[in-house]
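Protein chains: 2
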Amino acid sequence: MIIDCHGHYTTAPSRLQDFRDAQLARLDDPTLPPPQLAQIGQADLRASVEEHQLRLLEERGGDVMIFSPKASGMQHHVADPATAVAWAQASNDLVARVTELYPQNFVGVCQLPQTPDGDLGSSIAELRRTVEELGFVGCNLNPDPSGGRWYGRPLTDEAWFPLYEVMVELDVPAMIHVSSSCNPNFHTLGAHYLNADTSVFMQFVEGDLFGRFPDLRFIIPHGGGAVPYHWGRYQGLATRLGRPPIEEHVMGNVYFDTAVYHRPGIALLTEVVGADNLLFASEMLGAVRGTNPDTGSSWDDTLRYLDAVDLDEVARHKILEDNARRVYPRLSQRIPESVSA
Amino acid sequence: MIIDCHGHYTTAPSRLQDFRDAQLARLDDPTLPPPQLAQIGQADLRASVEEHQLRLLEERGGDVMIFSPKASGMQHHVADPATAVAWAQASNDLVARVTELYPQNFVGVCQLPQTPDGDLGSSIAELRRTVEELGFVGCNLNPDPSGGRWYGRPLTDEAWFPLYEVMVELDVPAMIHVSSSCNPNFHTLGAHYLNADTSVFMQFVEGDLFGRFPDLRFIIPHGGGAVPYHWGRYQGLATRLGRPPIEEHVMGNVYFDTAVYHRPGIALLTEVVGADNLLFASEMLGAVRGTNPDTGSSWDDTLRYLDAVDLDEVARHKILEDNARRVYPRLSQRIPESVSA
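Chains as they are written, first to last, in this note's numbering: chain A, 1 to 341; chain B, 1 to 341.
Treat the hints as calculated values from the structure; they're not laboratory data. A virtual CB, placed ideally from N, CA and C, is assigned to each residue, including glycine. Keep in mind that a hint or two might mislead.
Unchecked claim - Sample of chain B residues lacking proximity to chain A, with all beta carbon distances greater than 12 Å (derived): (1) 30; (2) 170; (3) 208; (4) 295.
To be verified - Stretch by stretch, here's where chain A covers chain B in the computed footprint (C-beta under 8 Å, at least three residues): (5) 8-18; (6) 113-125; (7) 134-148; (8) 183-190; (9) 283-293.
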């Protein structure tokens, strides 16, 4: 079985964006009525994934996608807490409907209603709701709800601890994932996402979060940002900072996905990090769409790159299925292991 | 000949830091007198490099280091323009003395007196002074003088153009290099440096700076941040954004250094980017010091990683010498090509 741990609902029916637009309009003009998400029929919902994520998943030999709302659409920089809650609920409810329609193929991960200056109470409530009522298996956690201004606190700060306590209680991990950048220095897909991945890893090196929360688990997407390419730098920095080796200090709790869009990157990732800390992912339909003219294959068909790398069967099985079941334990309640596995 | 394009004077005699401390004290208490840099004798100056950069350069078989003030010490976030000018002048003058003492081994690159909100007039003046009077061959340009707050403009913004015009006139390149981070989300060495490298590359992809300045040249250090590891992502994003291929649109004017501290990273870099766009560098004494216990070699002995990669002689010669002479044309006025080359 092949589990893709990083898929986004970037193809949701347009009524979802209409709802968002009405939310933002009401923030500009509070005399407008609170918007309602217009009804989305089953046919539209089916078409939105059958023509996109589900088709590609099946064409490429995949089985299951861990599925969350569009990352750039979370827009946690919009500061109004009630707006954030309604937006996260609508987005997560639509993902839940997809998981109900295709229970063999899609498993939900939630958007949290974070805001730059708000507390985490509503995020904790939405995490509980989506896990306990909708059967979700994790959350996307934004380390910079300010949207590229980065004026909040590192993920090692105790302000985040109430959320971590509930993550541990529910036994769900978080994928580190920023949303759209409001900073013209940082292109959302080509800089902000990768910078966040890199920055958070280094926060974990500097701090001792996993001494405090030994059961907390994070997935750092996009192949870990810059980290695996600079693995020697991080090993050396950990020593210089008087930290234990990163393999002990961080990598017991942190996993990288394989959303890296060329073979040499995947080759480096699998060589340097090792199979125990890697989860297969495509990020589809995400940052990079279309076909590499040099290979004739889709940029985000990351299985091809893994197939081109020398991996034994045990390592391959860990990356494609076992690690996802270990990091997201609730996944196996939704999708039992196949008999052949 | 082996030219290391990225060395910092991190070992300057302590009187330089005393001067800086007195500058900062005076910003807190303007009744203090303007500080003077205490005299630094030739013996102290010699010891400061002979025991460090020069010793390591020679031990490792290197010949020339392109040498600039300590990057984290530039502290462009300190907003007072006069303080920035005096600090850059003092730092550059000390580098110049090293280049005069060891004209076969050290060539200068200047610190610019940037400030978060100041104009570029003083930076242009200091670039002219160091190039025309001190024989320097380039500058370090900070794309985020706010020190991790990133509230300035991308490097493609026309606010930067007056500096670029003088760089082209003087035929000198800039290495992209931020200074210390004031943002607790970004560790200076483990996040801010790499994020800046990544962000600026993407700014170049988004913009058309080299259409406007076809002779402008930048070195992106630390192996290009996250970029080579995500080369497929950038190729795909360029297409999605309607930009020409990055090989044409960016890589005619942008070079990566080899300050990547493990063999797999250097192997990826040389495979993906190709020899024409790479300059040998160690960043010593920089972010990562000490010895890798698994290999018994220094982390920053990057020549070992290059030696372990399959490169033909032409490619090797480009990376170790030819490209540095091409990107920094004034270098050959200081250090002629050896007869054997």
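Regarding the assertion that residue 30 of chain B does not contact chain A, is the least Cβ-Cβ distance greater than 12 Å? Non-interface label on residue 30 of chain B holds, nearest chain A Cβ at 29 Å vs cutoff 12 Å.
Quick one: work out the minimum CB distance from residue 170 of chain B to chain A and report holds if it exceeds 12 Å, violated otherwise. holds (26 Å)
Report holds if the minimum CB distance from residue 295 of chain B to chain A is greater than 12 Å, and violated otherwise. About 10 Å separates residue 295 of chain B from the closest Cβ of chain A, which leaves it inside 12 Å; violated.
Count residues of the region 8-18 of chain B with a Cβ under 8 Å from any Cβ of chain A, then say if the count reaches three. violated (count 0)
Would you say the region 283-293 of chain B counts as covered by chain A, given the rule of at least 3 residues with C-beta under 8 Å? Per the Cβ count (5), the hint holds.
Verdict on chain A covering the region 113-125 of chain B, where coverage means 3 or more residues with a C-beta closer than 8 Å: violated (count 0)
Is the coverage entry for the region 183-190 of chain B by chain A consistent with the three-residue Cβ rule at 8 Å? With 7 residues close enough to chain A, the hint holds.
If you count the residues of the region 134-148 of chain B with a beta-carbon closer than 8 Å to a beta-carbon of chain A, do you get 3 or more? holds (count 3)
Is the Cβ of residue 208 of chain B more than 12 Å away from each Cβ in chain A? holds (15 Å)
In the structure shown, a violation is registered for the earlier hints numbered 4, 5, 6, in ascending order.
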